[in-house]
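*Asks:* Residue-level listing of the chains:
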Amino acid sequence: MSSPEAALWWARSRAEGPLRVPSVTRTPAGMLRLVERDGEHCWLLTRPPDDVTPAMLRELRMQVLPVEFPNETRRVLAAALRCCWTDIQASPWPGQPATMREVLDVVDQLTPGRGEEVLHRFGMGAFRRLNASRWLDIDDDVQRVCLGPRVATWPDQDLPALRELCRELPPPRPDREPDR
Amino acid sequence: MSGSTPQGEDIVGDRVLVGLQSVRISRLSTHPIPVAAGTLIAVAGQGPKDSNGAGKSSLLAQISLLHADEQWRFGSGAPAAVDLLFNSEDAGGEDRWGNADHGYLIGVFAPAAGTLDQLQACALTVWIRIDRSNQKGPRLKLRWRDGLHLPVGDSEAEREQAADSVWQALPPRAGRQDVAARDLPRTLYGEHVRCVSFLSTSVRASAAPNLLAQPLNEISERRIFEAIAALTGIDTELEKERQARRHEYDRRQEASGAESDLATWEESAQVIEDGIDARDRARELVVEAADRWRSRTARLLCDALQRDADIQVEIAEIDTVINRDIRTAQELARQAAELADDEAFTRRQQAAMSTFGKLDSDDRELGNQIATLEQQIEDIDRLLRAAREAARDADGRNEQAAERERAEADAALEDTVKAVGVAEKALSDAESSLRDAESGRDLAQQQIEILAAEGIGAIGLLDAVVLDEPDRARWEAALWPYREAAVVDSEQLNRASQLLAGIPGSILIAANRASSAPGRLPGSADPEYDVSGFLAALHARTTARSDPDRVYDDAGIVVVGGFSQPATGRATRIAAARERVRQRSTAHEDAVKARNAAGQKVISAERRQKGARAAAEAYQLEGQAGTLRKKDQATRQARGELAPTLSAAQAERDAVLRLAGVRQQQIESLQRQKTTLDNTNKTRREKHGKLEEEQSQLGLPELIVRWDGTPDSASEYLRTLPDNQQSWSADDWWEEAKDLISTAISECFPPTASDTMPMEITGLLEESSQRGPGSSRRAQVAFAPLLRALRVYLRQQEGTDQYERQQIAIQREERHKSLAAARIGHEEAVQASRAYRGALTSAIKKTLADVAAEFDRLDGAYGGYGASLHYEDPPPPADPTEAWGWKVTPMWRRAEGRRHIPYDRRANTAQIDDRAIKLVCAAAAASGTGRPLVLVLDELGRNLGKQHRREAVALLGQIGRDSGITVVGALQDDMETYAIDACGQYVKLRRSSDSSPYNEQPVVVGYDEHAPRVELLRAWLTGNGYREPA
Amino acid sequence: MDTVATEQAIVSVFEQIVAVLARKADAAIDDATLFRLTDTLFAAFARAGEDGLTVEQMKAACAAFPDDVIENRLGVLRRLGAIQPAFDKPYQREHRASFTSYVSMLFVQRMLARGGQSELHQLLTMEKTRLEGGQSTAEEARDVVVGITTALRLLVAELVALTIGGTVEALRERAPLLWNAKSLIDQASAVHEILLEFWPELSRLCGELRSAIAAYEDASTNASARLIAAAGTSRALNLLPPEMWRRFARRATVEELAAVLADQVFDAPSPWHDVADLAEAVVGRPQPTSGRSTPPRSRVPDGDERPPQEWSDAEAERLAGIAEEVLSGEDSVAVEQLLSGMDWVTARRVLADLVAASNNERLSYRLTWSGPVQVRPDSVPSWLTPGVFERARRHA
Amino acid sequence: MSGLFDDLLQPLGDKQRDALVSAWAALEYGSEPASEAALPALRDAALRHLLDQMLQRTGRTLVRAGAYLWTSGYRDDIAAVLAANGWGILPPLERAALILVLIHSVAIPRAEGRLAGDDWQSTHPTTPTHLRKLSQVRGQRRLSDALQWLRAAGLVRLVRGADSEMAGASYVPGPALRRLTPAARKRLQENLILAVGPDTALATAITVRRRLGRPEVTTSQRSGS
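So the sequences go chain by chain: A, B, C and D.
Anchor point for the first sequence: position 156 equals 156 in the UniProt record's numbering, and the numbering is continuous, going up by one each time.
Anchor point for the second sequence: position 735 equals 735 in the UniProt record's numbering, and the numbering is continuous, going up by one each time.
Anchor point for the third sequence: position 115 equals 115 in the UniProt record's numbering, and the numbering is continuous, going up by one each time.
Anchor point for the fourth sequence: position 127 equals 127 in the UniProt record's numbering, and the numbering is continuous, going up by one each time.
If you're looking for bench data, these hints aren't it; they were derived computationally from the structure.
Careful: at least some of the hints might be erroneous.
[Unchecked claim] To give an idea of the interface, some chain B residues facing chain D are shown, with a C-beta separation under 8 Å as derived from the structure:
#, residue
1, Glu70
2, Arg73
3, Ser76
4, Arg222
5, Glu226
6, Ala227
7, Arg242
8, Arg245
9, Tyr249
10, Thr881
11, Glu882
12, Ala883
13, Lys887
[Stated by the list, open to error] From the derived model, a few chain D residues whose C-beta atoms are all more than 10 Å from chain A:
#, residue
14, Leu39
15, Arg43
16, Asp52
17, Ala67
18, Glu112
19, Gly117
20, Gln121
21, Ala169
22, Pro182
These numbers were taken from a predicted model, which means no experiment stands behind them.
For glycine and all other residues, C-beta sits at the position ideal for the given N, C-alpha and C.
Using the sequences and the hints given, assemble the complete structure.
*Replies:* Here's what the structure looks like:
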């Protein structure tokens, strides 16, 4: 059940976040393995006991580390989920790739009238933070947004609420400014 | 955390749930549901397709949540409770509808019994609000208030709306906040276990084993103990033990803290002490080395002396041994002879064989008896089960009552049969008179027939007259005396009279006579027979009076009228006759129905009678079974008592047989031993000679000179040496002395401080460690001077060493004192928790014994063969971080008279589930908490075979009566009938179509024998869509 | 530090210095006032320059002090040679102050601040330079080795005593002794190297010096170890002076700074975005939402509810007898009629049979419930839903 | 299930399992140490032992953060392996910024006697002036990224208004430092002393002791029990 390697993997995941390793790596005890689309790499995530999430700390009336610009960040995450999670009966990960424009367009519809530049600046900040914490997987060069491995840590019982959230969000509008 | 402490604890106390209502929970309707507490409540469902999809599981889950079932994980905020909220996906309308973001579970609790006033005074309403998002506080919020505070409304929408406003009006109870999930169990029930449940996985999957949720055989013995402890309330006492253990742990940490402090200090003191110690060791080593040197000399001398003495002793010993062995050989020969001839043994052998034979046959006989008895018990059991099944038809009547009811039903049937006969007669009479009226031959029938035969037309008077309604009162009375009269044309009166001579009393009335019409007269029905003349005459003769309507004839005759039906006119008279027939026929039909009803009653009475007889038979069979079981037990006991004697006899037989074999072997072995002894003695005599030669070669005198003392003083010196050194040789002593001195030097001058070594020592050391031939001798020569030099050096160091050591000792003592204090604290804590455990052990064993007895009783009473619990005192935890591991092994007999088999052996699932329920019930019954329990069982009877279903539900129906347990069970169709048969209340959740997102009002049929409870909830129920009977 | 303690410290160091030469205990300074007086006096001498001062001038310079104190002090200073006649002739009125005395005072103050260790340091530097010059005699070299050995031994003795017997507080006060033990050792070792090279005959003494150096190394290491052991997990930081910290913070490169944490592992940020948080962020947007709500509940009063849709069963067998008994030839019978007016045990058996008959697919009976439920206190059953038990019409 | 904790959790009832899992979450997810008062699994000696076992399996260990307060941190042996492989070591600029905060907020106030207590928390902010050195070295943008990372990881905490003169925020050490085990805290202190005063006897003593390897072993064993 437990082994020194497992302890090391877990600790490493704690220190570095979700780990991206070659697919040949054996899955350490108690970890979740998510194989990437190309099949060559997979992500390793820790599976907490009884799938308990930090949401539980609210019940304990304890604090988690605060997220910076929480609303902005979460709006972008929700928008990305809207764009990438195309088959909402399946699990969110891996989902389909979307473009940054599409995601930002959904955000724009959520917070209309903010102006191109403000939207872009806030949006990019949120992308960077979500990419760093592996909630999203951003490829700046091709402006591509994918869901990150951490979305697989949402427990199953949260999925109905996530689906409802997705259904409520507007879809990205067709490309209005092809030159952007 | 602070500021959120709830005001109360255990607010529900020993009240029971008597009603519940839910708002926005699953697809349940908002109708309240009364609860017949203390009975089996059968919850069935009717969805659009089958019994699924009506929300049975949700209702059950709701009850378990209201009772703070641990499965919900309240410590984590009961996250799964959110799944209870209305969910558009489950409702199949996720594209149209959203999820409910909050909902309520409302429970009404009241004392189990009491007058209406008492119930009203003590009722309590508990609200649990579930929020889908915990963004704005806890997911579960708890509010409550004395009395009934419930939403009321005529429609579902009104009730849903009302719920929010009633909630708002209830005060939060934890200061300005609401009591949240974490504090819910403590607040409502003071941590008493009030619910044991098996909830189906769709609602709530418990990760932890639960007596009902998991197959019992997969649950560990320790977990079973914990469950029993929680149910019986001993867990609160165990909590104290845990606290004691925690205290012990803290004290231990303190002690180990003091210990580590000491270790830190020791580390620094060590450096100095090591130096001093090394020098002290060196001092001892120097002394020892000198001693060893002297020992060596003594040893050399004494060895020689010893060898001399040894040889003398050895010679003497050899002589002794030779003599002894000769004697032994003689004894051996004697024993062999004795063994060969023994009469007593032969007698014993015979006796043992015959005793065993007799006892063994007795035992087999008893075994056969037991087998027969068991067969009989099994047969009777089969009969008993059949009789009980049949006894169900008695509807609770005893034999007497059933006989009486049967007799009454028979009598009633007989009465109704008679009544049918009477009615039949009346009917046939009415029918014939109708026929007559129709044929017109009811009046003067004979006369008219005779006249008609002679060609004379005639009709009855009453048929000849037509009366208008106003005329009826007068004329019907007037005409009545002549109702038998026939009307004949006046011309033919005479002929007619002659023709009728054969019929005396015939009356003829003349028709077509001229009339002296005095006024209006009734008309004639047939123009051929005008009777106006007769009427006019009659009119003249008679006077009409009323009240009652009557007619006075001049002759002084009074005819009373007031006929209900017109008496005249053919049509009207036929109508009247028909009416009579209809009436009779109705009466007849009624009589037939009454007879049929009575017949049905006889059938049910007959069925009950049979049932009651079967019940009586069952009772009798139980008695028989009891007698047989007793007999079986007695036989078993007898066999058990026989067993020791039998096994003793067997042992004796075996022993005797074995002895006989052994004897022969012994004789042979004795003879072999004797031969061996003779040979040994020969060898010994040769050794004797060699020893005498060695003795003469020892050089004793020279050694005495070297010792510088008497030989006695040398051996005296050696004797005082420790035991282990007694055997050292002279070379050993030299090696020791040499090692000691070089160790002493390296102790004094470790490699780091080797340059402090005095020159003299350095020189001597070099000399003694030179290699080459004669090195050993040179070293022995240099030994004494080296010893002396080292002694001088060490003496110089002695003063400072002593001082430093003193200082360290003082400090060490202080530190050890504080460590000792900490250890005493620890030890006291250990004692305290040991004392707790001691006191608890007996309490726990007592409780477990109670549970075991109840478990056995329940099992025996409901289809089992007896059960028990096995448990032992667990050893106290070796470490305070270990739990005190009690274990309980449930056991039961798998068949009549068999041994108790542990629960985790292979068995069918039905049996295991059945025992699990019995165990929970037993624990609840033996509980010291006095708190009523709720068993929540989804998929009730999921594993039961047909045969066990009735017994299982019978237990569940009965347990409420015995122990105040309310059992709520959800059922599939095929269990429904069994469950209803034992239930106190039947609830059927209904949803008629897939298009409807919500349930309709559930069907509730039930009986609460505590009428005040029904009354208590009446206003609430009627305010929420319930009706009172018209 | 409060003044009394400061003064006492000055006196004690001064006394320690003078004690080496003083013949009488009362000749030395035993009062901080006297020290200040001496300081004032020397300052006056410095201002006066080569002319020096007369006794009157000296007294005037020290006018702030009581006369008898001045008298006494001048007497002592003169006797010990700290103040001497400007020229060596009788009746010389002008006096000059001894440079050596003043310098020794400066040393007192320094030692007060630094514990004398840097003085030892300087001494070693000077001796090293002198010895390297190659002009020293064997005698001088011997003195040097003995002196240094003795100084180190005393230092060691002090440290060891403190380390072994003293309180941690006392040890911490003397901590400056330990700051740059390494450079001290390096210098002492350098001196030792020179001595050993040029004066082989001093090898025995050199051995003693070596062991003294080693002993000093041991002692300071032991003392530091004890301090750190007592300092917990962050308190030892105050064993280094603030200035040292500031200097490091100012001058260290990023790499030097970073190196400190090269072996510390921390948790990566792992922000949690709960579904509720996402919903909140989306709902909290300025624009009004068209969020879906739960389906509306029926507004029809319960009593007017339409009879439920039919559901049917099929086929007939076992319970037919009971069903027919109940129906008594009729097509339907009201549940209320069947279940009321009897005891509960009977009622529930009847209900069980009706339900069974209705559930049985081989039978064509059905139990159809309507609403609403009746509440009937004081009768059996207590709650009863109206309904009909009937023969089911066969579906084609 | 194929979880790492199954065999530990399996024998427990719902209540204890719940207590254990919620305590685990509180320790592992909470930004601040968890109080025994709120968590039964920390109060009960047997459960706390189990909790520590759970943590041990994930390379973590219970860390006492004051009276009745607990948090979790890396096991010392695991941390050593991680560090040896360079896993989870912060980039140099992040480390440099954190060290500056520790020097200005903890070391200097302590050396000046303004800060008591034996941990790495402080109420003395490190102002933008103190951090300016780094912004000169590498450019403002890079430094603000580094500080953002440190904030997100809980290693520094923002304090407003400590230095209104300079642009930029002031910082104190963050709650994540409370997760360091006693041995790790001590190592941090010693590394600092070695860096700041490499020639001092303190540094020598540390070097000597590390070479012997003795004291660390005993302290870590003691704290782990």
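*Asks:* Work down the list of hints and note, for each, if the structure agrees.
*Replies:* Hint by hint, here is what the structure shows:
For Glu70/B, the interface hint holds, since its Cβ comes within 8 Å of a Cβ in chain D; the closest pair sits about 4 Å apart. Taking 8 Å as the C-beta cut-off, the interface hint given for Arg73/B holds, the closest approach to chain D being about 4 Å. Because the closest C-beta pair between Ser76/B and chain D is about 5 Å apart, less than 8 Å, the hint holds. Satisfaction of the interface hint for Arg222/B is found here, the shortest Cβ-Cβ separation to chain D being roughly 6 Å, below the 8 Å cut-off.
For the restraint placing Glu226/B at the interface with chain D, the shortest Cβ-Cβ distance is roughly 5 Å, inside the 8 Å limit, so the hint holds. Checking Ala227/B against chain D: minimum C-beta separation of about 7 Å stays under 8 Å; hint holds. For Arg242/B, the shortest C-beta to C-beta distance to chain D is roughly 6 Å, which falls under 8 Å, so the interface hint holds. Annotation: interface hint on Arg245/B holds; nearest CB of chain D at approximately 5 Å, less than 8 Å.
A least Cβ separation of about 4 Å between Tyr249/B and chain D falls short of the 8 Å threshold, and the interface hint therefore holds. Because the smallest distance between the Cβ of Thr881/B and any Cβ of chain D comes to about 3 Å, under 8 Å, the interface hint for this residue holds. For Glu882/B, the interface hint holds, since its Cβ comes within 8 Å of a Cβ in chain D; the closest pair sits about 6 Å apart. Because the beta carbon of Ala883/B sits about 4 Å from the nearest beta carbon in chain D, less than 8 Å, this interface hint is met.
The interface hint given for Lys887/B is violated, since its Cβ lies 11 Å from the closest Cβ of chain D, which is over the 8 Å cut-off. Residue placement check: Leu39/D does not keep its beta carbon more than 10 Å from all beta carbons of chain A (closest about 8 Å). With a minimum CB-CB distance of about 14 Å to chain A, Arg43/D clears the 10 Å threshold, and the non-interface call stands. The beta carbon of Asp52/D sits about 13 Å from the closest Cβ of chain A, which is more than 10 Å, so the claim that it is off the interface holds.
With 10 Å as the threshold on Cβ separation, the claim that Ala67/D sits away from chain A holds: the shortest Cβ distance comes to roughly 18 Å. Separation of Glu112/D from chain A is adequate, the least Cβ-Cβ distance of about 31 Å exceeding the 10 Å criterion. Even its closest Cβ contact with chain A, about 21 Å, leaves Gly117/D beyond 10 Å, as expected for a residue assigned away from the interface. With a closest Cβ-Cβ approach of about 16 Å to chain A, Gln121/D is found to remain outside the 10 Å limit, as its non-interface label requires.
No Cβ of chain A approaches the Cβ of Ala169/D within 10 Å, the least distance being about 12 Å, so the stated non-interface status holds. Distance to chain A confirms Pro182/D as a non-interface residue, since its nearest Cβ pair spans about 18 Å, more than 10 Å.
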